[in-house]
Amino acid sequence: MIEFTGVISYGLLGVLVGSALSWLPGLHIFNILAFLVAIGLTNAIPDVYFPYFSLGALISYSYLYIIPTTYFSVAEESTVLLLFPTQRYLLSGRADEAVLLYIIGAIIGSLYLTLFSPLLLYLVPIMYNIYNSFISYLIIGIVVFWFMAEWPRKGDRGSPARRLWDAYQQIIGGVLVFIMAGLLGIIANYTSILPPQAGYARLTPLFIGCFGMPWVLQNFIMKRKVPKQEIFLKAETSISRVAWGAASGLIGGTIAAVFPIITGGMGGLIAGHMTSTRGDDAFVISQGVNRVVYYVGAFYLLFLPFSRLVRGATAWITQAIYMPKTWLEFYYAIFIILLASGIAALFTIFLSKFIASSIHRISYKALSIGLVTYLTLITYVITGFNGVLLMIIATFIGLATILFNTRRSYPLAVLIVPVLASWTGTVEFWLKLIGR
Numbered sequence: 001m002i003e004f005t006g007v008i009s010y011g012l013l014g015v016l017v018g019s020a021l022s023w024l025p026g027l028h029i030f031n032i033l034a035f036l037v038a039i040g041l042t043n044a045i046p047d048v049y050f051p052y053f054s055l056g057a058l059i060s061y062s063y064l065y066i067i068p069t070t071y072f073s074v075a076e077e078s079t080v081l082l083l084f085p086t087q088r089y090l091l092s093g094r095a096d097e098a099v100l101l102y103i104i105g106a107i108i109g110s111l112y113l114t115l116f117s118p119l120l121l122y123l124v125p126i127m128y129n130i131y132n133s134f135i136s137y138l139i140i141g142i143v144v145f146w147f148m149a150e151w152p153r154k155g156d157r158g159s160p161a162r163r164l165w166d167a168y169q170q171i172i173g174g175v176l177v178f179i180m181a182g183l184l185g186i187i188a189n190y191t192s193i194l195p196p197q198a199g200y201a202r203l204t205p206l207f208i209g210c211f212g213m214p215w216v217l218q219n220f221i222m223k224r225k226v227p228k229q230e231i232f233l234k235a236e237t238s239i240s241r242v243a244w245g246a247a248s249g250l251i252g253g254t255i256a257a258v259f260p261i262i263t264g265g266m267g268g269l270i271a272g273h274m275t276s277t278r279g280d281d282a283f284v285i286s287q288g289v290n291r292v293v294y295y296v297g298a299f300y301l302l303f304l305p306f307s308r309l310v311r312g313a314t315a316w317i318t319q320a321i322y323m324p325k326t327w328l329e330f331y332y333a334i335f336i337i338l339l340a341s342g343i344a345a346l347f348t349i350f351l352s353k354f355i356a357s358s359i360h361r362i363s364y365k366a367l368s369i370g371l372v373t374y375l376t377l378i379t380y381v382i383t384g385f386n387g388v389l390l391m392i393i394a395t396f397i398g399l400a401t402i403l404f405n406t407r408r409s410y411p412l413a414v415l416i417v418p419v420l421a422s423w424t425g426t427v428e429f430w431l432k433l434i435g436r
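Just so you know, full-length UniProt numbering puts 32 at position 32 of the sequence shown, and the rest follows in order with no gaps.
Hints are computed from structural coordinates only; laboratory data are not their basis.
Heads up, some of the hints might be wrong.
[Said to hold, decoys possible] Label-pair ranges, simulated between beta-carbon atoms:
| # | residue 1 | residue 2 | range |
| --- | --- | --- | --- |
| 1 | Gly425 | Arg163 | 38 to 46 Å |
| 2 | Met1 | Ile140 | 44 to 52 Å |
| 3 | Gly199 | Leu433 | 41 to 49 Å |
| 4 | Gly425 | Phe350 | 32 to 40 Å |
| 5 | Arg162 | Ser133 | 41 to 49 Å |
| 6 | Lys325 | Gln197 | 38 to 46 Å |
| 7 | Asp166 | Met323 | 40 to 48 Å |
[Stated by the list, open to error] In silico DSS-like pairs for lysine-lysine, Cα to Cα no more than 30 Å straight-line:
| # | residue 1 | residue 2 |
| --- | --- | --- |
| 8 | Lys365 | Lys225 |
| 9 | Lys234 | Lys353 |
| 10 | Lys353 | Lys225 |
| 11 | Lys353 | Lys365 |
| 12 | Lys353 | Lys228 |
| 13 | Lys365 | Lys228 |
Being a predicted model, the structure only gives us computed values, none of them experimental.
Where a beta carbon is used, it is the ideal one built from N, C-alpha and C, also for glycine.
Produce the complete structure using the sequences and hints provided.
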């Protein structure tokens, strides 16, 4: 029998664990949970409460995601016009303001999930039945649009051949990264390179390598000088900018949460073209809404009593331990979303102000060395030596996006290609392509 006190206790424990680890750059909540499962710490949590532990940790990650994105990922001042908006806030001494804008969006996302949950109960199954029969074509179309949206750059000087190469080298580089990542995903998912006991975490070395390690290594290699940061009690924006950013985030996050293997970044790209969001403040707000609706919303589908859709790696780990079945568990999840969101928002705000006041004393190189060691250890504990080898290969693929100056999200092919191969029945073709 599930008890309300147990739901609160383990939900808060998830918030605590998520808050303690999610602010570190390079860590994904899936990798955190996979590590906890691998070392046996989750055995102390009763199965019926594990979904609430995961939900609390996931909410903390969704809110604290802004901390490493803002404070621990910044390039040189000469590239400021090409940077993520939160990085521009950091270089202008206003990182704390960017965090406040993100929190505004994140709270809107949490309220959206709770207030509209009765409507989602009926809409999500209808949407699933509509798109389920042609989901493969839909995903392929989104991937094609993904590349089409990266317009040619440069190409205004030199010979025609030189201009053509300058214009398309980033797109070509992105295609190469996508292909390499897809082949690596096929190897990791459809061969015996990883031990059977690591089957639940085949994506761990790939995600750490493609996204975590390049981020950390870039921090280590580049010489960074972070200006003194101001502390903000309120963010400079307007009601119209908040509404515009919220609309974009809600559309992108909902697309990513409902459709399989579509991530928040891909959903945000589609929503950005639909709403034509302008301005750094509106963009950061949209990211706050997007991340919460995507991460928490996708996991929240696990609690739907008569649908039980499994969306996202965190949900796959959780449903292997316990699958929620009743309306009571569904309503408990709504309560945990509200409670955990409030705690995570306050913790993120206070942590941001602490980091803003002390970031000029932080050694990026020392932090990066520690994180490389930690990420390698996580990969080894979960997937063994072969997992570390996969992580190293994935790291080079992730670094290739920096080399080609192309989208950092293209390595998501490690997930997209294997899933599409399974849906379309072409796994054997891909295995023959790699000589298996």
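CB of Arg162 to CB of Ser133, is that within 41 to 49 Å?
Holds - the Cβ-Cβ distance for Arg162 and Ser133, about 47 Å, lies within 41 to 49 Å.
Report task. Decide if the proposed pair is consistent with the structure: Lys353 and Lys225, CA atoms, cutoff 30 Å inclusive. Result -> holds, 19 Å
Is Lys234 within 30 Å of Lys353, Cα to Cα? Holds, because 12 Å separates the two Cα atoms, which is no more than 30 Å.
Consistency of beta-carbon spacing, Leu433 to Gly199, with hint 41 to 49 Å: Violated: the Cβ-Cβ distance is about 23 Å, outside 41 to 49 Å.
Okay, Gly425 versus Phe350 on CB: inside 32 to 40 Å? violated, 51 Å
Taking 44 to 52 Å as the stated bounds, is the beta-carbon spacing between Met1 and Ile140 within them? Once the Cβ atoms are compared, 46 Å apart, the range 44 to 52 Å for Ile140 and Met1 holds.
When you take the CB atoms of Gly425 and Arg163, is the distance between them in 38 to 46 Å? This hint holds: roughly 42 Å between Cβ atoms.
Just tell me: holds or violated, for the beta carbon distance of Lys325 and Gln197 against 38 to 46 Å? Once the Cβ atoms are compared, 27 Å apart, the range 38 to 46 Å for Gln197 and Lys325 is violated.
ask   = For the pair supplied as a hint, Lys353 and Lys365, is the alpha-carbon distance within the 30 Å limit?
value = holds, 22 Å
- Message: Just to be careful, I want the Cα atoms of Lys365 and Lys225 compared with a cutoff of 30 Å; is the pair within it?
- Response: holds, 12 Å
* Is the Cα-Cα distance between Lys365 and Lys228 30 Å or less? -> holds, 19 Å
Given the hint that Lys353 pairs with Lys228, does the C-alpha gap stay at or below 30 Å?
holds, 12 Å
In this structure, the hints that do not hold are numbers 3, 4, 6 and 7, in rising order.
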